[in-house]
Amino acid sequence: MEKTKSSKTKNEKITFEDSLKKLEEIAEKLENGELGLESSINEFENGIKLAKFCHEKLEEAERKIEILQKGDSGKVKKKEIKVKEDTGELMDDEEMQGSLL
Amino acid sequence: MIINNILEPKVFSVSEITRKLKSTIERNPEFTGIWLKGEIYNLTVHSSGHIYFTLKDENAVISVVFFKNANRHLKIKLEDGMSVLVFGNITFFDKRGSYQINISQLQLEGIGELQKRIEQLKAKLIKEGIFDADRKKRIPFLPKRIGVVTSPTGAAIRDIIKVALRRYPNIEIILAPAKVQGDDAPETIVRGIKELNKPEMKIDIIIAGRGGGSFEDLMPFNEEEVVMAFYTSEVPIISAVGHEIDKPLCDFAADLAAPTPSAAAEIAVPEKMDLANEINYYFSRIKNALFSYLRECNTRYENIINKRILKDPLEIIYNKELILTDIENRLVSQMKDMINNYRNRLLQIPDINILIKNILNKKSHEYNLHLNSIEQLSPLSVLKRGYSIALDGGRGVIKSIKDVNVNDKIDLQLIDGILHCTLDSIEKGGIIGKNKKQ
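Sequence order for the protein chains is A and B. Using the working numbering, read the first sequence as starting at 1 and increasing by one per residue. Using the working numbering, read the second sequence as starting at 1 and increasing by one per residue.
Don't take every hint at face value.
To be verified - Here are some of the chain A residues that sit facing chain B, going by a computed Cβ distance under 8 Å:
1) Thr15
2) Glu24
3) Leu58
4) Lys77
5) Glu80
No lab work stands behind these hints: they were computed from the structure. Each residue gets a CB set at the ideal place from its N, CA and C atoms; glycine is no exception.
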């Protein structure tokens, strides 16, 4: 059985991980002090953009816990599960039921 | 009569033969790592924790020793008459001259069949390359949405949610509920994985598994359809089956295998705080590096810009001007001095008019003196003094008496006229001293 090794194509050209790596590279470049003034300022600006991008990426997820359920029509729908803010415990155990079949 | 060459039989000692037996048995790969099937008989559970029994079938028996550190995983209570499968090595106990099997695993026989099935499936899948390492996908670094396939009522999902939210408070989790034990379980697990693979679900990582359980409990995760579901999952999938000894086959087909659901959550979900701190760490390094570089540039700039020549480039000219002015002043001053000097010297020179006057006066005086002298010598002055000039007829001066005779007519010039005289007589000497020679 052939399996195509496909990675999920993301819309963003650069990933969080790459950005973080780039940020470290910029820090090292600036600390080496071998760039000229203009390049240093450029890299600094890049650094600002990357840091901002990274922080934004961290905030992208929306803290939703959901369970898939089989609807009447046979379609699968999501139902939100409420979770306690501090402990991450389920508020209502009853909500978690069933299977997809 | 045929004479047979009979070799001298070797005579062994008991120890020697025992040693040989031991070596033969224990080094033989056929007797190591083997499974045995039989019935438990004469079970003894020692206070030390070691378990001893005899394994028998219709025709033979073998002693079994199941040491404490090997049997601590044993979950079932052993009883005489149980049909079991044991796994271990045959060992030879020299002191007693007996052999036994030293086992590390024991299972109820029913499980043996399952075991076999699993082994066969495993071999088949290995052959097909299903477990190949290079077919595994990389687990994404920062997932936004985690999909979980597990029982909605079990501890696994609760643990996963707790761990995930603790590490990353705003992560999204979608649970595809499934049965995780029983014959109808595999179908639900496969359905769950397929559902989470749908593009509209936008799942970044799937965690599929369950909490710990007995060997039979975990069977669904050894079924071929489940293993293949793990393998064909386009979304990176982490196997999270809590197992004691034997890894379920899905562990090998998954992109990553975790020992427990909580561990899977820890692998899949990064610590948001750590990441945020890391971002800030790099950024503050960047900031500090730039600012210190800017400070350095600024210092260099200040050092240059503050050089006098740049602050006040005209200063050179001013300086030169000062020097010039100074020289000028000195020049003027010296000139003035010189002029004063000369003037003073000039002033000291007596007035030439006066000088001339003086000279003239002097000369005049001298002249007058001379004039006086001359005048004095002049006959006129002589005449003035009463002398007279005796003149002869030719108007020559008569200087001596010898020049005249009596009765000569002479003239006597007086200051104011002439006297016409005739000589009466001549007297030698006269008023002038008689002693004087003429």
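Hint by hint, here is what the structure shows:
| no. | hint | verdict |
| --- | --- | --- |
| 1 | Thr15 | 7 Å, holds |
| 2 | Glu24 | 5 Å, holds |
| 3 | Leu58 | 6 Å, holds |
| 4 | Lys77 | 11 Å, violated |
| 5 | Glu80 | 10 Å, violated |
Going down the numbered hints, you'll see the structure goes against 4, 5, while the others check out.
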